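Starting from the structure of chain A, add chain B where the hints point.
Listed in order, the protein sequences are those of chains A and B. Just so we're aligned, residue 84 is where the first sequence starts under our numbering, counting upward by one. Just so we're aligned, residue 84 is where the second sequence starts under our numbering, counting upward by one.
Read the hints as simulated data drawn from the structure, not as lab findings. Since this is a predicted model, take the numbers as computed values, not measurements. Mixed in with the good hints there might be a few duds.
Identical chains blur together in the list; that is why a pair holds if it fits in one copy or across any two.
To be verified - Listed below are the simulated EDC-like cross-link pairs for lysine to aspartate or glutamate, each with C-alpha atoms no more than 20 Å apart in a straight line:
#	residue 1	residue 2
1	K378	E306
2	K343	D359
3	K265	E403
4	K265	E89
5	K343	D189
6	K343	E228
7	K341	E385
8	K343	E229
9	K203	D175
10	K343	E383
11	K321	D356
12	K211	E172
13	K341	E403
Number of protein chains: 2
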Amino acid sequence: MMEIREITLKKLDPQAFIMVQVECLRAAVGGGTAVVALSGGVDSSVVTMLGHRALGPRLTAYFIENGIMRAGEPQAIVAAFKRLGVRVELVDAKAQFFRALKGIADPEAKRNAITHTFYKTVFGPLVKKSGAKHLLQGTIYTDVEETLAGIKRQHNVLAQLGIDTKKAYGYQVLEPVIELRKTGVRMVGKTLGLPRAIYQRPPFPGPALAARVIGEVTPARVEIVRAATQIVESVLAKTRAFQCLAILHEDRVTGIRKGKREFGHQIEVRCWDSTDAVTGTPTRLPWPTLQTLAKRITTEVEGVVSVTYNIASKPPSTIEAV
Amino acid sequence: MMEIREITLKKLDPQAFIMVQVECLRAAVGGGTAVVALSGGVDSSVVTMLGHRALGPRLTAYFIENGIMRAGEPQAIVAAFKRLGVRVELVDAKAQFFRALKGIADPEAKRNAITHTFYKTVFGPLVKKSGAKHLLQGTIYTDVEETLAGIKRQHNVLAQLGIDTKKAYGYQVLEPVIELRKTGVRMVGKTLGLPRAIYQRPPFPGPALAARVIGEVTPARVEIVRAATQIVESVLAKTRAFQCLAILHEDRVTGIRKGKREFGHQIEVRCWDSTDAVTGTPTRLPWPTLQTLAKRITTEVEGVVSVTYNIASKPPSTIEAV
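Just chain A, with the same shape it has in the complex (with noise of 0.2 Å):
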């Protein structure tokens, strides 16, 4: 176990780093091959970039469509990075990931279901076809800090943990961003020319929409997120918040439709300001957008019938609910 090193934004100079880490890729799969598992988050897409930048070809990216991701985003990404030279397979994996996810509902262990699908049941078979021996993965510095801290195990800390990926998985992870937290990613993803949409893309969590989901995660109650928090993400796409999101409550409440009584779901908003996700307030809407919100969620998404705006800080909240 390395001890990692921090290179902190004074420090960054990020033509110098992208060359570094260019040569170091090099290096470490020598005349061999990669793959990365890119999600479209900045860190895995950057990562893709200085794969594609080191072993051009020799690169093979895939983005796993695990079923929990928001509206439109797998065909999004791949296209983007069409656009930029770099060819994405798009594996479709929703069943496996369903599968593994079926009667959870504590957060951790569906954390588990889904690193391990991702790594045992999807991305283990995908390696060994590819013949591959290593997996260029977007871990940052914050992931790592989190995980030791117990705050929130994050889907990619594995080595930190003492898993030794190549004698589990068969195969050797490398992380080219590890020593850099987010605005130090954003700098270099920049640099390396990614479209703003990516560079400057918010937070959104490894187990993406599963995430957002309170209790168990099937795919009617994943769709009832994703359909909210497309409400949410276009209602406040021109603030200029942190992060948004819409989180699926298990927990049912009262509502009354044309004169009748329906138990229904509840959809809970959070908005966040903050600048490094250490600490955060919600975002002072103003009360038009509230119930532009309230009322678009109750009336596009079916089933929903009660909204909240979550008003604590972090600490002691957290961005995400679960």
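For chain B alone, kept in the frame of chain A given last:
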């Protein structure tokens, strides 16, 4: 089953109404005695005063301490009626109610458990012991309407559902304010000389704090929502809102305290602008007030890491959550 006709505000003459109801109560009870269960709400308070006027010491008023009242409520109610010359017996039935509520998460089942504990376990024996053959009850016109429409099962609507209380529980239920809606009852209360704090009291549900606990109702969970309710009612005392409430969710959410992950409780706050509870919109509370609510609840109520504010209107939401 008698048909009930509404006395509208326009037609209501409180003095005449009181005279008529006092006469009816005297006629119905005859030379016997009656009991009333005083909850401290407007309806049962008015009925208690009507009964007191009609029957004097032949009426016994019981305050059933069911363990799901707000902080200090039982003592305050008993004291207020003592000042009006009405002796109220405080009956400690906490253990019976919590025993009946144990393990029940379904809202309808909770309501049923409370109704049956109230009428069968606690009140039946009390009435039997008292020898009274009549029970005065504060059912109002809206309760009947909502129950028959299937919107909400009110705990006190029995005859209209075909339940013969004389057969089932051994006494006859008298409902002197059943032709009135809430505003009418308040007018009668004022005319009867009740203190303003009682006749203008904001609505509070029949199942009390049990209606504010999603999932199982245990002493510990009631204690959490009771503490949150006290904060919400004190912070929002000066708003002219129709009703404000705190709800304890069953869903757990991630929080962070002293740098460590804490899987904690979430409290939902609702505050309504409404005139009749038939429709309602969330009060546009100032942000500093919302911030104070969140800060105080997460600081003062053990285990709460997250606070939301409900932003949906009724319909499709309802005033209470369950």
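These are the hints, each one checked on the structure:
1. K378 with E306: within (18 Å within a copy, 33 Å between copies)
2. K343 with D359: Answer is between: at 18 Å across copies they meet the 20 Å cutoff, but 46 Å inside does not.
3. K265 with E403: For K265 and E403, only the intra-copy Cα distance (17 Å) is at most 20 Å; the inter-copy one is 42 Å.
4. K265 with E89: within (12 Å within a copy, 65 Å between copies)
5. K343 with D189: Between copies only: 18 Å across chains, 33 Å inside a chain, cut-off 20 Å.
6. K343 with E228: This pair counts as between: shortest inter-copy Cα distance 12 Å, intra-copy 50 Å.
7. K341 with E385: Classified as within: same-chain Cα gap 14 Å, cross-chain 39 Å, threshold 20 Å.
8. K343 with E229: between (47 Å within a copy, 10 Å between copies)
9. K203 with D175: within (15 Å within a copy, 58 Å between copies)
10. K343 with E383: Within one copy, since 19 Å is at most 20 Å while 38 Å is not.
11. K321 with D356: Within one copy, since 14 Å is at most 20 Å while 29 Å is not.
12. K211 with E172: Cα proximity of K211 and E172: one copy only (15 Å, versus 78 Å across).
13. K341 with E403: between (34 Å within a copy, 18 Å between copies)
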